[in-house]
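Given next are the chains, with one letter for each unit.
Number of protein chains: 8
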Amino acid sequence: MIPERIRHLLSQVADGSVAIDTALERLSLDPIESLPFASIDHHRTLRQGFPEVIFGAGKSPEQVAEIAQRIAARGDGLLVTRVAPEAADLLGERLPGVELNSLARTAYLAPSVPPSPGKGTVLIITAGTSDLPVAEEAAVTAAAMGNCVARLTDVGVAGIHRLLSRHAELSQAAVLIVVAGMDGALPSVVGGLVRAPVIAVPTSVGYGASFQGLAALLTMLNSCAAGVTVVNIDNGFGAAVAASRINHS
Amino acid sequence: MIPERIRHLLSQVADGSVAIDTALERLSLDPIESLPFASIDHHRTLRQGFPEVIFGAGKSPEQVAEIAQRIAARGDGLLVTRVAPEAADLLGERLPGVELNSLARTAYLAPSVPPSPGKGTVLIITAGTSDLPVAEEAAVTAAAMGNCVARLTDVGVAGIHRLLSRHAELSQAAVLIVVAGMDGALPSVVGGLVRAPVIAVPTSVGYGASFQGLAALLTMLNSCAAGVTVVNIDNGFGAAVAASRINHS
Amino acid sequence: MIPERIRHLLSQVADGSVAIDTALERLSLDPIESLPFASIDHHRTLRQGFPEVIFGAGKSPEQVAEIAQRIAARGDGLLVTRVAPEAADLLGERLPGVELNSLARTAYLAPSVPPSPGKGTVLIITAGTSDLPVAEEAAVTAAAMGNCVARLTDVGVAGIHRLLSRHAELSQAAVLIVVAGMDGALPSVVGGLVRAPVIAVPTSVGYGASFQGLAALLTMLNSCAAGVTVVNIDNGFGAAVAASRINHS
Amino acid sequence: MIPERIRHLLSQVADGSVAIDTALERLSLDPIESLPFASIDHHRTLRQGFPEVIFGAGKSPEQVAEIAQRIAARGDGLLVTRVAPEAADLLGERLPGVELNSLARTAYLAPSVPPSPGKGTVLIITAGTSDLPVAEEAAVTAAAMGNCVARLTDVGVAGIHRLLSRHAELSQAAVLIVVAGMDGALPSVVGGLVRAPVIAVPTSVGYGASFQGLAALLTMLNSCAAGVTVVNIDNGFGAAVAASRINHS
Amino acid sequence: MIPERIRHLLSQVADGSVAIDTALERLSLDPIESLPFASIDHHRTLRQGFPEVIFGAGKSPEQVAEIAQRIAARGDGLLVTRVAPEAADLLGERLPGVELNSLARTAYLAPSVPPSPGKGTVLIITAGTSDLPVAEEAAVTAAAMGNCVARLTDVGVAGIHRLLSRHAELSQAAVLIVVAGMDGALPSVVGGLVRAPVIAVPTSVGYGASFQGLAALLTMLNSCAAGVTVVNIDNGFGAAVAASRINHS
Amino acid sequence: MIPERIRHLLSQVADGSVAIDTALERLSLDPIESLPFASIDHHRTLRQGFPEVIFGAGKSPEQVAEIAQRIAARGDGLLVTRVAPEAADLLGERLPGVELNSLARTAYLAPSVPPSPGKGTVLIITAGTSDLPVAEEAAVTAAAMGNCVARLTDVGVAGIHRLLSRHAELSQAAVLIVVAGMDGALPSVVGGLVRAPVIAVPTSVGYGASFQGLAALLTMLNSCAAGVTVVNIDNGFGAAVAASRINHS
Amino acid sequence: MIPERIRHLLSQVADGSVAIDTALERLSLDPIESLPFASIDHHRTLRQGFPEVIFGAGKSPEQVAEIAQRIAARGDGLLVTRVAPEAADLLGERLPGVELNSLARTAYLAPSVPPSPGKGTVLIITAGTSDLPVAEEAAVTAAAMGNCVARLTDVGVAGIHRLLSRHAELSQAAVLIVVAGMDGALPSVVGGLVRAPVIAVPTSVGYGASFQGLAALLTMLNSCAAGVTVVNIDNGFGAAVAASRINHS
Amino acid sequence: MIPERIRHLLSQVADGSVAIDTALERLSLDPIESLPFASIDHHRTLRQGFPEVIFGAGKSPEQVAEIAQRIAARGDGLLVTRVAPEAADLLGERLPGVELNSLARTAYLAPSVPPSPGKGTVLIITAGTSDLPVAEEAAVTAAAMGNCVARLTDVGVAGIHRLLSRHAELSQAAVLIVVAGMDGALPSVVGGLVRAPVIAVPTSVGYGASFQGLAALLTMLNSCAAGVTVVNIDNGFGAAVAASRINHS
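Going down the list, the sequences are from chains A, B, C, D, E, F, G and H. Counting with the numbering used here, you get residues 1 to 249 for the letters of the first sequence. Counting with the numbering used here, you get residues 1 to 249 for the letters of the second sequence. Counting with the numbering used here, you get residues 1 to 249 for the letters of the third sequence. Counting with the numbering used here, you get residues 1 to 249 for the letters of the fourth sequence. Counting with the numbering used here, you get residues 1 to 249 for the letters of the fifth sequence. Counting with the numbering used here, you get residues 1 to 249 for the letters of the sixth sequence. Counting with the numbering used here, you get residues 1 to 249 for the letters of the seventh sequence. Counting with the numbering used here, you get residues 1 to 249 for the letters of the eighth sequence.
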């Protein structure tokens, strides 16, 4: 959005000729900065409540860095997911203060103004140790969007008492993200224990017939606990955005 | 739960020797009434915020009716989904006041005390006319659980202006359920237009390579709009329960 | 086997020129009675511990009845699975004393000599009411093979306390057959609670992306409870034979 | 085709004993130059309107180079797709003037006579930055076949206004190639906005359940915008050839 | 679009204050008539060159008839595909002059003004007799949209001379629709013989491992003839719309 | 082929101006009789050694009967596969002497001149009674093409001695067709016992995860017995044609 | 479990105020030691008859080593499966006496007290040399759990006499684990030869359409030998645990 | 087989007390040499007409070499397929005279006595250059088994005249092996042109939706040319063994 247009719009808001809601809507529909290989949407924050996030997979380190610098220049904060090590190194060099998390494969730069806080806690539960990278991607994302995050680790259903003994934590969460590979059974049990929304994340962890997470995905889609919703395999990011939408609604 | 035990528990609550939360928790873990072919969980309302719902598929009309009568006898209200016509007829005979919806394939009996109302409106959007039965199952379920329901029908992405012209309704909803078959593309567009949680429901509507909804399911799981979550194919019921969890959180 | 050959063999056993084990082995490898459309293996009992069982699907009522009469004529008892209603009627006419079970879709005729009893109880657990036909096929089969059978019905993981409250029954079973559709998560939980062998049976019960039991099958193959083994979708018969092998070993 | 036969044919055309169309048809059915590992079709230009294109995948650099030299020797121009870096280096050495494009993985040598120009513009639209290699393969191919090419980049449906603001470009294109991974929803929206032919190209970009482009492929095959046609996953080349056929028809 | 608004717009066009292109664009983005179960897009003809077509599958006869009557009332003509026999009967009763085609499963009512004619002939080729219903759906659709249609029937590749002997017809077509089940190989051969655009339609005809057309679909997507594009299984309608887009471009 | 042309060609053969092989080749490339819905290839016998066979699935009884009458009128004999009962009745009425086989779903009319006999016996082996319809289709087809046919029924690998006791029959066959559903394991065992060609036919017989024959198909394609080849699921006809090609080579 | 609590419980057992079974049950439900990335279940031995086993895949060498040291410190013995070479080296350094098996990819440390011995022999049969790594994982696991292990190698069904000549070994085994890739047919034959329980393990060995073991998996699930149960692809560990459950029941 | 037993058997043959066929049969069922990791079947030549072939994939170079040396020591000749470069180097060192073919990935050592020659020529046809490795594996195998081999390269159906111009070679072959990736359409065309047996080999060559050869495999299984049989993806070896069985029958 060209600054002059913003100034004009704001002056109209100021003198009452344009209502605030109308101004907000106009801003949120405005076009975006174009690079030869990307169209950056600087006003997504206005429209959706979180800034444009860079999906690092399939982009060269140089492309990632260039897009990141444009976003960072606005002071809106920055989140990059699926950062390859080379891209992470480059971001570390160019963006002072960036937080790199190699387990979650994320790069994060706090915005100048913190995001609005969510209503409650987002509890991230994992079935096994091998599910941690996906859970950590969810945790970094949820925190970046202003949510309070708690974790419950390695409480898969084959040892059901590990989960049941944590009943208090389960029932206090505002939203639950349940991350599981292999049989993907954990969300069904969790979904039956709580009233809050449960988002299931299948992971690609497992032996042969897990088919890179397909087994867990199907399990979760067929959950006998009503009201469990599902995101894509290994998509910790998507689960956290959904949780944040709920936690800010 | 044996009435005497409830009386005793309540007297403990009354005299302060047992906290309310503790009593609630005990009640919600209590076992259930057993039929030869079913174990009815009369306290699910306490634990999950909605009564046991009968999944009618794969059960004989007689089984459906018998379970339904047990639940109805408690006055908690009753919801049956995927009711075959024969089972619907039987329910109509035995349960005075039951509301049968042949499009949604549901039977509903209002509880003696209405459920707690949700915070906002659940907006149910369909891509095409053929998606209506699934959307209607969601609508009946959401309403049964105390949610205010609105509808937006036949606004698929091939005529994108049909959707865009309804921007106000979209942005005012507390939760959005988006029902689509064929290409399943509608939730991606809706997810990019609103801040609220979006639940996508793939339907089995479509030509050959829709593979009974698999195409739409995969589309939705891969939605480029972050934070869209997905339920099983044709699972309007599950989407509504998830929406109700969010709307009551 | 031609009677004369049996007589000769037995006389050799009688005079000690052939050891009993040797005679048993010869008998168990002997060829079988041929119909134009089937080769009946009358000595399977010797070789495998259970008589030839007729798989009713894909056979005409007349074929089923003719094979059944040949087997029944030997007095070895008879089990037919997947009996279509027409075939069941025909069997009822021609085989006095046959037990028809329409839920299990089986026909059973007790042998003149009861089979050797198994060591312990085979416990058959179902996740939901819709799984009962498969469970009942397993129950009829296991009983026919000399096993003591117990049942635990409608204890799916979405209400985990229904299962946990039955811990005693679980831990006393010699073998457990766990029948579940939809998410197929129940065997993982059961497998983590007991030491005994657990056989998981996926059923074709469920919404769209259950893909006629594929989802439950994959869940069970990927069970995070070690040592759970799996049989084909809806194959209650196979699960019971496996349980009987274990219970007679 | 043996030069003598061509000379004879042309003399017949010259004296009118053979019509031009007949001569063209005969030429276009003539056999081809054989290498031990390939049969080169030098007259494909006559028959199909574009020269033989080398599919570089699965061929050794030496094989690619040898076939390329034979084709280049005719002066018909040359296009190689899916060129591995080693093959690209070899082509760069042996074919002066070859244009190597590492993003598109192509090698191109202009023919001595430029191809006949297409009627309008081929507009290549991408949903995201990660789709660019496939789009670029399409762009190089379309240009090589005489088409005017335009690009619209990173306009995925999650930010639908990015696309709608470019309505003029969309409606002026003669043919549209829409390249998208993940949910593959973009062609459905584009197909609903324009009258011109739309060719959809799914890409293998995405998280787990994109199944290397299968999700996007199915989305596009099930497009609710009538008249969208689809090519293979990541097949930018095929889309461009189809577009060129349309643009030259 | 409310008639008054159209009138006003046209008067603006008349006095030159609004350009024709602008008026056309406004009309084509205008909203649509809403039924409780459908949103009819009466201006699709303006925007896309063909009227709204009713997809009959999954709609009740009454719904089909009601939508059809609304469209017919405008005089724009009408096309319904996948018409169930009951719906066809109803349409026959209510819409005088409707043409019912039971092989193609279509209902067609000519518009008051014929559609603009296409540039050339759309040739519809079938591999076998069993592919005829899909081909006929394509033929009816293409004709309804103003295209001249020709047919070439039962010329599958197992008897390649049947196809080669029709070379003249192949090379004269402006667009070719090739319909094939089983191995789906015909479009590859056709695509190598002609310069014009080729649209491949897989059908669900075949033995077991055709998987209801999946085999033919994959064959066509992998066609070694460059530039063949593909539509969904059995989607004769979609192929015809694509052909008409090309033939009118 | 027009009779006059045949007469002329034969006179040329007679006077030596055309060689016999040349005449044979011309005849075998000649075009064919066209119905509105089919192109009948009357000279397939010359080119391929067997007459045109009608695939009955997906054709109306009237279409089947009309094509059949045209072929029968030539005296070349007739084979129809996958004949629906209605079509069989119609063929029985119109074609005196036709042999209808309801198990094999075939209709057969012997040619005026018997086909050339094959070199040896085609042995058709089935794993179970439920595989008989497919085996019988193979038997009828092989016999119709002049092959001596033998059968070995219900000798699946779960009772391996049933097969081993028939070693002599196995080793004397010229070609073996092995028909099996469920696990599809029989061809692997047979392939290891004989030197002759083995053709495996998967059938759609089995429980859930047989996926309508997919399991057996994959088993056979992965046979550890080298040199086993495979045809489509339930394709007894194709197996017999392949066997006949071998037996006549 | 805190030592004091165990001491107290045991004193209650000693004085008879708590029954042994009750004490065992309490111990087996007790919570577990928590690391930041894992929850170790030290009492699994009590509950399930074998100690916690570490699944090495997807864990870093450092994580594997740390968990292993905690378990080893208890003296319960240790088994790690799917050990990457780096993790194996680290375990070798830190755990004196650990047995590393590179073929089986396992690390094993014997417990201070040997596990209770099983009743009979677990016989592990492989179809081919390439199946050995999976079979060896099963062998190491079964031995670690106190079972006597025997092996039968490279006896696939394509040379059926290799198997039949070992009839004595087959019939003496208490449990049989049958490991096979490619066609996966071996368990069907073995299952028909013995009375004892048979556990089938598909391996990912094979050509293209084995689909990384899917073909063998489906074969085994569809085994025509009744009572064969199946574990996940390449899951030698799971098969051994199941065998040990049976052998200790 | 122990030499003494062979000597005794042969003396019985010599004096007429044992018929030759009987002796041959006994020899062919004799057991085999056992290594710790393999059971070598030295008499497969007698039983099946070709020596044991080593499948190199999944075996260590040392295992391959050791098995190879055992076989070579008998003088029966040797064929290894899927030889990794390291294994090939080792074989080259240890087996003088071995022929290594890096394109076909084979190692071959001629036997002391050449195999019996086949009746005719095995013609190996490839659709494209990228299919050559599979075709070459077939060629080496067929030649090793005593067959005369011819080749026809790069004659895919997109340029159908390349194939038709080679009609003479096609019609003279005794058996045809047709190797094709991508659409896999070539065998359908070839199968319609010849009377001889046609074996189709799908290859894993192609763009995304070829799914590593699945597309071509399905095409071939659904071939509309009757009597085409199919082997596994990339299985040139299996095709050649099947061809050799046919060519020696």
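Rather than coming from a laboratory, the hints here were simulated on the basis of the structure. Among the hints, a few may not be true.
What the hints assert, rightly or not - In silico DSSO-like cross-links for lysine-lysine, where the CA-CA straight-line distance does not exceed 27 Å:
| id | chain 1 | residue 1 | chain 2 | residue 2 |
| --- | --- | --- | --- | --- |
| 1 | E | 119 | D | 119 |
| 2 | H | 119 | F | 119 |
| 3 | G | 119 | C | 119 |
| 4 | B | 119 | A | 119 |
Verification of the supplied hints:
1. E:119 <-> D:119: holds (14 Å)
2. H:119 <-> F:119: holds (14 Å)
3. G:119 <-> C:119: holds (14 Å)
4. B:119 <-> A:119: At roughly 14 Å apart (the allowed maximum being 27 Å), residue 119 (chain A) and residue 119 (chain B) satisfy the hint.
The structure shown violates none of the earlier numbered hints.
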